[in-house]
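**Student:** Turn these sequences into a full structure, and let the hints steer you where they fit.
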Amino acid sequence: MQFNSRWIYQVAIVAYLSSTSTHAQEVITIGHVAATSGAIAHLGKDNENGARMAVEELNAKGVIVGGKHYRLVLLAEDDEGDPKQGTTVAQKLVDARVNGVIGHETSGTTIPASRIYFNAGIPQISPSATNPKYTRQGYKTAFRNVANDEQLGAALAKYAMQIGKAKQIAVIDDRTAYGKGLSDEFIKNVKAAGSTARIVSQQYTNDKASDFGAILTAIKASKPDLIFFGGMDAIAGPMLRQMKQLGIKANFMGGDGLCSNSMALLAGDGMVDGQVICAEAGGVEPQQQKGLDEFKLAYRRKFGIDLLTYAPYSYDAVQTMVDAMQQAGSPVPAVYLPLLAKIQHKGITGMIAFDANGDVQNGVLTIYTFRAGKRERLTVMK
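So the mapping is simple: our numbering equals the position in the sequence shown, first residue as 1, plus 642.
Worth flagging that the hints you see were computed from the coordinates, not collected in a lab.
Misleading hints may appear alongside valid ones.
Said to hold, decoys possible - Derived BS3-like pairs: lysine-lysine, alpha-carbon spacing no greater than 30 Å straight-line:
hint	residue 1	residue 2
1	LYS809	LYS726
2	LYS1016	LYS891
3	LYS775	LYS850
4	LYS822	LYS807
5	LYS886	LYS833
6	LYS807	LYS782
7	LYS809	LYS865
8	LYS865	LYS1016
9	LYS703	LYS775
10	LYS807	LYS830
From a predicted model like this one, the values you see are computed outputs, not experimental measurements.
**Tutor:** This is how it looks when you write it as structure tokens:
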């Protein structure tokens, strides 16, 4: 029997198309977005590393959804912490037809990107964006598995007044969605407490600034015993060094943006033991501590560094999303989205379930300080 070359070519094309079609059905693509370049790249890479660990572990175990075997692929993008770039990469992931998105990292990029995912019907879980607006827009595709700024601001205000005994408080925010949102919640809770504590100065900077001489000089005149900063560690570190240069000895408080293990390095000799108090929108209660400690060891073995802040929450976000797909029997966003909304997933950071807005239920917060260059846990709050 003889075969002409044209027939052989046609058979080859059909075989190739068949194989690629089958391959496509066997892949679940999960997008991840964070700032993996720029001033907060260390935090963004931490988020990405957590998601990558989850993907690799799930692939090693075998991912079965609806009786079919799948391979997870993490499609990681860098939004540079910039809202405009955030929407650009969000559209890129939509065009790539990802099955879900983990991220974005910051509130400033998560909020504008969330509309794009909503319009495309793609579920999104942010493991670190804390501004309440993110889940108050009516987008049923938007979820987060950490506490929000309302909870953070309330916890920090309570700690500042009741335990820190702060009386004269100055506030600085970086005018980002995260910094402004957290500062506003902190101020609101200080004023609502009806205590003797008062806001004596309110100043503003931006997330690219490096010189804080003018605002710190203005603050110094108000003689604060506490400075609250709504912003990230990359700005807080230099700010602390300049506070020391100006002879400002006030305590320094902020949210999860300050709570990374990089904070002490960034502040250098500008930080003294116990001076910095921060709250992380997460943490575990005693019964989950063993699992989290094991995750930290696994992270260090894999990447050769200690995790910073939200890697465990990125890890849990991926696991939660895949759990919903498995319960739904499909990785198709429209099919598994209703299951994600009512999920009960036991993660390493605790039980993950979402309220009607998409916020995590019973969000836990952890208060930290720094001593001898190391982050030290003070208490866990709800």
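**Student:** Look at each hint and say if it fits the structure.
**Tutor:** Outcome of the hint check:
Between the alpha carbons of LYS809 and LYS726 the distance comes to roughly 40 Å, so the proposed pair goes past 30 Å and is violated. A distance of roughly 20 Å separates the Cα atoms of LYS1016 and LYS891; the hinted pair therefore holds under the 30 Å criterion. Using a Cα cut-off of 30 Å, the hinted pair LYS775 and LYS850 holds, with the two alpha carbons roughly 23 Å apart. Taken as a hint, the LYS822 and LYS807 pair is honoured in the structure, with Cα atoms around 24 Å apart against an allowance of 30 Å.
Distance check on the hinted pair: LYS886 and LYS833 sit about 28 Å apart at the alpha-carbon level, within 30 Å; holds. This hinted pair does not check out: LYS807 and LYS782 have alpha carbons roughly 41 Å apart, beyond 30 Å. Our distance criterion of 30 Å between C-alpha atoms is met by LYS809 and LYS865, whose separation comes to about 10 Å. About 28 Å separates the Cα atoms of LYS865 and LYS1016, which keeps this hinted pair within 30 Å; it holds.
A distance of roughly 37 Å separates the Cα atoms of LYS703 and LYS775; the hinted pair therefore is violated under the 30 Å criterion. Between LYS807 and LYS830 the alpha-carbon distance is near 17 Å, which keeps this suggested pair within the 30 Å criterion.
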